[in-house]
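Here the protein sequences line up with chains A and B, keeping their order.
According to our numbering, the first sequence is numbered sequentially starting from 1.
According to our numbering, the second sequence is numbered sequentially starting from 1001.
Since the hints were made in silico from the structure, they are not lab data.
As the structure is a prediction and not an experimental result, all values here were calculated from the model.
Glycine included, every Cβ here is placed at the ideal spot set by N, Cα and C.
Keep in mind that the hints are not guaranteed to be accurate.
Stated by the list, open to error - Just some of the chain A residues that point at chain B, by a computed CB distance under 8 Å:
1) 93
2) 113
3) 134
4) 136
5) 139
6) 164
7) 186
8) 188
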Amino acid sequence: MEAVLKNVGRTVELLAVAAHSGVVNEWDEQTVTRAFHWARYCEHIYSRFHGNPVIRGVLEKQLQLTNHSLKEALPEYNAVSFLDLGRCQDLLLLWLLNNSALPVSIMKMLFETKASADSTSSNYEDVRGLCSQIIQCKSACTVLRPLLGVPTVGADAEVQGEMLMERLGSALSQSSDPLRAEDFLSSVLQEFEVAAEHLCPVIAAALLTTTDSAAQTASQDFLLDWLQSRRGTLQHVCTALPSKVLADLAKRHQKFRDAFCKLLKRWASEMEYRVTEGEWVHAATSSAVSFQKMTEHYLALFEACPSLRTEIEDELNARRIADGDFDVRGLSVWGDILLALRK
Amino acid sequence: MTELQVQQTTAHWPNVQEMPFWLEKAIAWGQTDTPHTWKDISLHLKRLRDFLQQLLTEISSVSSTTETLNRLPLLGQLLGRLCWNPHVTAEGASRGLLLQCLLALYSEHPSNAVEGKANQWIQKVLCHLATDEEDGAAVALMKHLAVPTKEYHLNVLKKMVTRIQESIGNSQCSVSSTNKGCSCGSVWAASEACVPLITCPEASPLIGALLQQQMTCIREGLSENFLGALHSAYSRCDLLLDEQAVVSLWYQSLPSLEEAVLNLLASATAAGSTPSKVEEQVSKSLLPKACAQHCSVFLVVNDIFRTVLKQTERNERVKNVFQTFTKCFFMELSRLQPQPSASLKAFFPQSPPSLLIPLFTMPSEMPQESLKNHLMWVSSSLQRLTEEEEDEEDSDSGNIRGNHKVFEAWFLLVQCAYWVQVAVQLLVTSGPEDCGPLLWLLTFYHHPTNRWHHRASQLVQAKAAWDHLYSLFSTVAHPLPADHLQSFISLLAPKPQQPSLAPSLTLNLLVNFATFGQLPQSTSAEITQKVVHQSGLQDEAARVLSSLRLRLNDRGSFANDRVHLRIEELHNTIKKPM
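Same shape as in the complex, but just chain B (with noise of 0.2 Å):
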């Protein structure tokens, strides 16, 4: 509650206080017209806006305007005054209250000479906002040449928002001739008159352009009213922006930028997102672009994966969007730059360089004979930063610093995680003998922490799992080996006393196993079937099953029609009730 509110529940019509205060701002308002004091408008506006509204309460909770006369002897002159004001009028919301409070004092049957009164006194202010009759020569002509007085104010309006763009558009700040006396002055002033007009539809071509000016000086920049203002509206959603506009908005309106990464975390991990549905939230926030754009921008962002990410080391959901984001933002950036390879570095300060590279190859970029070396690497790169961690660890149990690199490296794969999905579609095709690097990548993937050592537990597990989808799924015999697949569905329970493997990491080797494996369609669907219906994890395997079909969607996956077909069974399998 804000301090005014406070005070009225305690005291009775506090506004008396009040009203002096904002009679004064008022005459002094319309006394100048510089830049600062449009400065002293926009910087009082949500105030005032509250005032109004409680004066407007207040008025409406009374019958009779001559009592509210004389409990508010200054409200006439207040309101009068801020009618007069083009900086107040020009805001929706205050003129929109100024004018309610206007005809919430008119009487339907003045009972007296003073509500007589104010009812004359209130049309005429109405009748002098809304006509032109009182204006001098100009708008004479206008009348001669019959054009309606909102077509030539509307056009008026639209001319002198495209001559100041222009205008905008030309000045320079030239750093070296300091005594010239740079004209982002006038930048400053035109943004800090502007604060009224942010919702004005005609005016957002004038927004926008001062948005993207090139601020270069370091006196002056835009208008922090104006940056706040931007603020607020873009979180009303009432911001009518282009696409460049909005980046520019992000760019040097910290707050703007946090909100909109919050939103669309919660968007794209909200129930019911589907994987194909959250690459369209991603890619439509224009988030990736501004990333792209603006390196500062990128590290905001991931900061703020990052912080999410340490607490929900689990979520797949916002794994995904991590994913997702990162291969839309490296997109955009291959289309800024013909080699986006060499800036990674500037983007990714803290992630270990000698992996950046590596990761951000796309997977078809590659020959797929050289995928499997390609992972061995990586899997061994990962391994060998793990292990000098640990043994730093062991050796200076209070060094904290050195799980950060392990951390750096883990986010990073987890934004490079279409590699993940490649070493899970290679180890179905894998022998016992080259799986290891493998599965150790996986198991990393998904259990990054070697909390008490448990990492070599997770990983005789993996193996235990990638064994019997082995056999499984190698072997032709009709009916299916009841027990082999019952020991399988049982390392999917979770364990109370190990360390239990994810769910995820299993499910994805079963889908992977099913839509790439040698046995015919059928038989792949009924183990999936049984082994999804009875440890319940219907939806996480439809999940599972969603991603991979996006991405055998993208251009260079080396899918055919054969497989696209078992996924469509797989499915239709795991949705049907068993």
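Just chain A, same shape as in the assembly (with noise of 0.2 Å):
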């Protein structure tokens, strides 16, 4: 341990050198391929321990002392936080790039291209060529995205639910305690509120995501769990979706569909009837559902799951009779769905 910690410590050191020293100005491509070489071992560190809160917390210990002597000497220095650490290699990257004594022969050999595609899926140790590769892929990204034509959520956010998966099944793994993966999820997840709608997408994929073990299971039932337990998330999700993606969400998971449900019956109820407008209107103006939107998502719904369409009809037949039982439009939201729903 001690070993461990004397090298994280000199690690973020280097990371300060790479960042403000004109020290870097010596360097040559074998001190920049160790550099990363010991950016990757920092990753490599917080990836085994990042879910054990004994050695994360003399981790962070650690890191909180080197932080501190370090913005002692150096007055711009920004601190490095445990969770830095996990993409240890990137803030190298970053910070060398924004180093005006980095020379030049270290970008040309960072930048380097090969023209030919003799240079086979990215050989994770090569810092040759590094940043050309980046950008191949970010640009390669770019390039096919239009292609993909109305997404169900969009690749970004399939393989962001992915990780987020993943990691959230190491979470769980790590440590007998759920809280510690509950606490995660929201630390994770608070961190967007104002990217709310950005998030969904990727709650939705990572619950589409086809499991082939049980821990995978577990992670998704977890997930689930979590969503029913806040309301204004699931709501969140509900609202900003298209009914598709949340047909198939409900159409794979019997807990989400009972919630889903119960989520469209209440806003249903919540809605009145603007003589105005001649149209249903949702009583409170924060949420975005509107009438027609709610058809869809039932149209959707039923497509996916056939077997619910009798069931969901009957009860809200059941709620039109329990109205007055009238035929006339505007009297009760239920009837009106229903006259909806069999166009």
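Take the two lone chains, each set in its own frame, and fit them into one complex as the hints suggest.
What follows is the structure, encoded as structure tokens:
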């Protein structure tokens, strides 16, 4: 453990040098390769211990110490957090490229491009040409993105969902205390209160990934429970996503189906009929659900789960009858929904 | 030389004129992102690369960035805009040149504010391109999950390739429902967009899928730029495609197919290629497979062969390649169709139909006893054909079309030359009464045209050679009749006055007699060695022997261990210096 702490500390110091020091001017290819090697080492340490509270605590303490002394030496220094260790190579690259003392020869090495397709899939150990490969990947993604047509959730969300599931899975397996995993999810998702609508496809994608193992199923279950326990997030998800995606989720997970149906009923019951517009409108203006959208949701749901149709129609009918059994528009939201569905 | 290069040698800094053009293009490309923009980009990509190359040369030749920027004030704008265009940066060569131009402008020791600012700007651009610092929520999530940038983007790329492949696989063009608007437009758009990604390893499954998409639509097809770029990459051996994708490429791009065929011919007839090497090269080349799958591909390949053959009638190496190719092709065809003979007419529209099935029946598929009769029939058919044509020629000397039929029949025979090999082998065991038609066949194979009616004389020589061999290899007397041997050897020498017999014909007879004859091994070897060394035809003899060995190794040939031993011995004999 001693050795690990020392190495991590040294690497953080290395990062600081890379970011702010003119010494970088003397670096050659070997030095740079070694620097990335140490950065990779830190990433490895992170992935091994981020779920282990005890070791994590020790590492965080070490970081605190190192950060403190570095800050004293270099006022412009930005502290490195434990989380940052997980993407140490990215940080190293970023800070190197921002350092005006970086020699051109190093830049040329990092951005070297082999024109031929000889260099088959990235060797992670290679620093030469690293940046060119990153640019190729990013550009290729941008080029291909418009070709995806109307996505269900989109390739980006799919990949993010997969990675979320992976991290969640390892968080669940690394400690027997489910609170850890919960904390993890909350911390990840809490950062993005602002970007909630971005997260929704990610959560959907995570729940739709095919599960090959019991552990993966457990992770998905965990995520579902977590989602259901947070009314706000669930509502967000059901508002932001297209009907088809929600229907797929309902098809896949019984729990989600139940929660979704409940939510739809709640929305419908909260609707008011506006005579001037001739439309049912949701009472709380914060919600973005329209009558039409709700009908679309129901229709998509029926397509994905045909067995639900009779059950739901019966229920809607029962409520319509309870409302007075009228056949005229505008009097019972349940009746109007039924009308719209039957068209 | 391109126009641009010509200009460069005569004018100073010609790029000053080109610059506004490219800047305008770069601006236009940045404004819209439609399939038509992509088409324009891929149309200009090669020229852009050439331009960037020139820029790079010129920037590198000037020592100070200030000087460069003075001469090319629009340079910064152009490079900047090109950096933000993913269609330019996705393609390997253009990305490389662009980055090199940027780095060439970086000053190690900036001497003024302009250079300092340029340095800052360059570092900022590079940083932005290679890291995700400025990207939005997506990447923020990945940071929080501690996923490295490279891994993330690589996974997204692979995921996209998979999804697009799926949607392409699902798109159908139903010619009947024309009012629905077919999705082939999206396939065209996809092919146009993928032009910069042709050499990107992760995108190769998608490229393959696009190539193999059943293009049944009459309106849309794969983009011309796409096929052209594929062909260029293919020529540079820069393409990573699986087998079926390569076949599809040949099917859709005639230049690629032609290049593949010519490359195969060149490597298969290169010095030092043995018959077994040729067979390996041919079957590895995927061309037989492609021909079996698409009749149109075969017709093109056959046409190229036809043209080559017309120019190199006597070249045994070339003829050997054709024979090997046809054999491999027929094998592939049999794999695809239970009754390959039924479709032969489609593959050989110009050949005499009556000869197709007889020649494409493999000798191994017949009982040994029927081989001779079969060959007799083939020989007489061909004889009839040549006589017909010669009659026509004599009666109507202006009719040159006549030669066509005989040539096609001979072409077919060349491709099915395994039958000629069987004929030679049978000549060893035939008697003087029935060797006639077989000798005729052999002579026709080596001398298809009967210019100046030389065939009669050639037939006489062939018979003489056979007579010699027949008596040489039946006498058990030892020592060998020296004069007999000498007169045989003299047959092999070229004669200036008469039309001489192709040496390979005589050698082929000799080798077969030595292998299958009744004389003891050592005697046969001695005879062979004397003949081969005195006539100086070691290489040709070795080649003939290798062909024989290869043929006998094939499944279904009637060869036993004794024969194989003899061949080995003969081979060593020929190789031994005198």
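Quiz item: Do the numbers back the hint for residue 164(A), that is, is its least Cβ distance to chain B under 8 Å?
Solution: Result: holds, 7 Å to nearest chain B Cβ.
Quiz item: Per the CB criterion, is residue 93(A) less than 8 Å away from chain B?
Solution: holds (6 Å)
Quiz item: Once the shortest beta carbon distance from residue 136(A) to chain B is found, is it less than 8 Å?
Solution: Cβ of residue 136(A) sits 6 Å from chain B, so the hint holds.
Quiz item: Given residue 113(A) as an interface hint, is the shortest Cβ-Cβ distance to chain B below 8 Å?
Solution: holds (3 Å)
Quiz item: When the nearest CB of chain B is found for residue 186(A), is that gap smaller than 8 Å?
Solution: Given a least distance of 12 Å, the restraint on residue 186(A) is violated.
Self-check item: Interface hint compliance - residue 139(A) to chain B, C-beta minimum distance less than 8 Å
Solution: holds (4 Å)
Quiz item: Measuring from the C-beta of residue 134(A) to each C-beta in chain B, is the shortest one below 8 Å?
Solution: holds (5 Å)
Quiz item: Does residue 188(A) pass the interface hint, meaning its C-beta sits closer than 8 Å to a C-beta of chain B?
Solution: It holds, given that the least Cβ distance between residue 188(A) and chain B is near 5 Å, below 8 Å.
Checked against the numbered hints above, the structure violates only hint 7.
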